[in-house]
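> Chains as they are written, first to last, in the numbering used here: chain A, 1017 to 1409; chain B, 135 to 459; chain C, 14 to 356.
All the given hints hold, so there is nothing to weed out.
Using 35 Å as the maximum straight-line C-alpha spacing, the simulated DSBU-like pairs for lysine-lysine come out as follows:
#: 1; chain 1: B; residue 1: K338; chain 2: C; residue 2: K285
#: 2; chain 1: B; residue 1: K405; chain 2: C; residue 2: K20
#: 3; chain 1: A; residue 1: K1338; chain 2: A; residue 2: K1364
#: 4; chain 1: C; residue 1: K265; chain 2: A; residue 2: K1350
#: 5; chain 1: B; residue 1: K217; chain 2: A; residue 2: K1144
Some chain B residues well away from chain A (every beta-carbon gap over 12 Å; in silico):
#: 6; residue: F150
#: 7; residue: K273
#: 8; residue: N305
According to the in silico footprint, chain B covers these stretches of chain C (three or more CB under 8 Å from chain B):
#: 9; stretch: 173-184
#: 10; stretch: 203-209
#: 11; stretch: 230-236
#: 12; stretch: 283-292
Note that these hints are calculated values from the structure, not bench results. Positions of the beta carbon are idealized from the N, C-alpha and C atoms, including for glycine.
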Amino acid sequence: MEIDVFQHANNVVKKYIAYLTFLVILNIAVFIISRSYSILITGVYGIIYLIEAIMVSYIIKSILSGRVPKKETSKSLLFTDILCVSILAALIFLSYMAMSSMKMVSEPLIAFSTTIITLIVTGIASIKLEESLLDDLPYLGRRLGDHLRMLLIVSAFAAFGIIMNVLTIYWFEPAIAILIAIIIIREELYKINRTYKGIARPEEREAILELTKREVLEVPVIKDISDAWFSIFGYFAYGALKFNISPIVPEDEYPEIRKFILKRLIRTNPNVIAVDLSLDRLETDTIKIVVSIKDDNTIGSFDETSKFLLLNVSYPEIKITKNEVVEIEVAEYKIIPAQKARELALKKVEVLLTKDISDLARNELEGWFIKTYITKSNIAEEAVKEFLNSIKT
Amino acid sequence: MSDDVLIKVENLKKYFPVRRFIFSKDYVKAVDGVTFEIKKGETFGVVGESGSGKTTLGRVILRLIEPTDGHVYFEGEDIFKLKGKKLLEFRRKAQMVFQDPFSSLDPRMTIFQIIMEGPITHGMKIDDPEEFVVSLLRKVGLERVHLHRYPHEFSGGQKQRIAIARALSLNPEFIVLDEPTSALDVSVQAQILEMLRDFQREFKFTYMFISHDLSVVKYMSDRIAVVYLGQIVEITSSDELFERPLHPYTRILLSALPIPDPEITRKKKIKEEIVGEPPSPINPPLGCRFHTRCPYAMPKCRYKEPHMVEYEPKHYVACWLYEKD
Amino acid sequence: MSEEVDKILEVKNLDVRFYTYAGVVKAISNVSFYVKRGEVFCLVGETGCGKTVASRAMTRLISAPGKIEKGEVIYYRDGEKINLLELPEEELNKIRGFEIAYIFQDPSASLDPLYTTGYQVVESIVAHNDMSMKEAWKKAIDMLRLVLIPDPEARVKNYPHEMSGGMKQRIVISIALSNNPKVIIADEPTTNVDVTIQAQLLDLLRKLREKYGTTVILITHNMGVVAEMADRVAVMYAGKIIEVASVFEIFKNPAHPYTKGLLKAVPNPLIKIEKLVHIPGTVPNLVFPPPGCRFHTRCPYAKDICKAKEPPKVEINKEHYVYCWLYAEKEKKKEIVVKEAKS
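This is chain A alone, in the form it adopts within the complex:
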């Protein structure tokens, strides 16, 4: 499923790149014809976003194919942002010079139409892009949409500047160019700050990990995380997580677990654009099994008993390494079967063996990815042996 989410995101980013490329070429070409500085700077703005988008696409593709895009990616983004700020500073200087030259923009009609075309294209594209990412990666969609909307605003300014220029208020157009450049520089400085902080300080990366760990490791069959890292990239983050799964879980249930992890990860860390998520079956592990017992050796019905036999079973030896009886008392005002199941889940139980169980309790256990097996035998020892034999195979 995550292949779909990020694949889809990449497709959308590619469309975005296409829109931007078109707009950049249009604006730069029209600058050459008309010498309109505000159109030039709009084009430069587009280039900045284009570079970011290409890098984002690169990151997503790498993660999807299991390769790790290095930290250098963030560093290169930092470098390009700083470069762009310098270029913009230079352009501000040039525009300032142009202000005093008192010239009309050449081919004002073409220049004006370009701004209008840019306006329309960015408007439509922003709506479509954001909509198509709304369900999966809404933050990415919103960012890209906002980028396009900034281009829209900037083009609107440019259009206004050109109209003023045609009405012989010549200095207005380069002045707008300077204004636009300042807007871009401000945004760039913010992005530079974020990327720098992301590289230099680990807090944010660690926060992502902590949040994910805390929630995901609540599930008993998800044993722990190994090989987890995240990188901050401008507005976004990407990384890889490897989870170790209890050997008791059949592989055909991995997709569902993966779906859970991914959805929660994206929800709690919305700036994540690509994650290499792998679930690894543990070769050696301790499996926690619980049996609902009526007394010492008889299996009881889950709903009616409050005594449980907790077993630690080593894998792959399939030997019982620990053995204790616990009482689960539940306040009578609770939905007792559900609460009992919940208490067991909090004890990190992975499998329940019982004589019978209500739907309620079973549903609660299932919600924790815990399996319930109805035993054939009434004797606890036998039932456990039977179950252990079945997992040996």
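Using the hints provided, position chains B and C relative to the given structure of chain A.
Just chains B and C, lined up with the frame of chain A:
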């Protein structure tokens, strides 16, 4: 649609846009996929806290607001497709009594004008308008002398009676009562509620009774729908809701409800611990909307939305405790 | 011979009038009751009964056109008896907000929108305590934690408009509690919040009462809240106290016809009710209140004496008082029987 069903609501949605940026909106998902039926002659209670969307639901059902998605069928017809005369006819048959008696009556119209406004708009032929309005006023416990007075001259309870008289003037079949007694004192509330029940018996009205006060809803309703953050979490008969509440939110509501009997309320049967505040309807939680406050929440609840299932006969609930995947 | 009751506040013959264009409104007339130390005392009644006026009059919070005509409000502090109505303003200000704290219905009205909530708690702490700002901020965060506000370190920096109603009410409670008041007067504190938030707030008040032994005077019109919270209840009607009893007595053996009527009008969801019975008629005009018992115009048992003379206070059970001629008669009859037995 079977004969005794008056209203059928199917996957009704109402989103209110909240402007964020040009061409970019967030949505307040006030009503997000609501499905239920109301039978002829019954009182269907809708209970929920603030932000649950129950008021919006009442308005969309009467087409006072256009929906974002979904259908509402009144006597078999899709009300959002009605036009012209048929729409007018629907509006006559489906009336509303609002929560705030202070703002639902036009302060610049006399009582006579307020009550006649409906019949005039619908072109009803009335031989003697004054007698007509007086008989309505008498029905709600007011007098002829009140005919040409203005709303500000009346108390809250009297204003609400006028609002009810106004609803009655069109001889409706279905009335949405949106918190009709929330702003009134206990004794006045009792009067109004009994009056509403008498009218229902006499004129065979169908009511949709919306309120946040579960005690009042229970008293008035045959069946109750519990709403949380734009979705219905449980529907069943009012007795069953109190005897066997299934959804954890319903249980919490019942636990929080102060019962006017100290012997009972201090030894409550259900005492679920109530945690947290209702989340924002702009960015509701992923999966089951209630999971952030649910004492039984499991990892599954955090990423998958449960569906409405008929767990017991005529008892519907949307919760992973009661639904198999 | 009655046992010594540990009173903390006692209202005697309190009379408050409002001088308005419509006339002189006799908001509360000859109101007397006492509140025991450490209990939850509920003042119940419908709109206009005078419960809010009475609660505010207790610390002279009545401003023009209102005037406290007569009466005493005795505050029992460390063996001393202080009449709050006769204290100089300076002294009263030291008690009001400090030893006797208020919580009102609308938290938005109690919180200044221009200052952060943390600042407002600190303000209250610093006003009554000799603390540095730093210490006060620390205490403010602790207070927020005490009232179960999640993430208090962040919340102290929030402005009131950034918080929900339930949160704001908790801030108000924490301000009220910041100086360890002996008495909290809460006027409809949960009327504007949802039922689940109401349950949390009431639970909080209960827990705080258990922990600190604070006396709570709770004003409400919700009989469910009364049943949930009260130790003793005083029912008011048309500016007069008409019945006082323990909460169990009030619900099990309501004596006054108004109390009975009120209870019959409340829908109890746990029992099968055929019909809600309402009290016919309307609340009387307090500019020209009816003579005698103010309830006689709506009372199904009204007799001639009720229309002429105001009923006396009758003790019908241990600490169960009612102001009604129905029981006064019995009292008189009892006296006659006793006299006859003696002679």
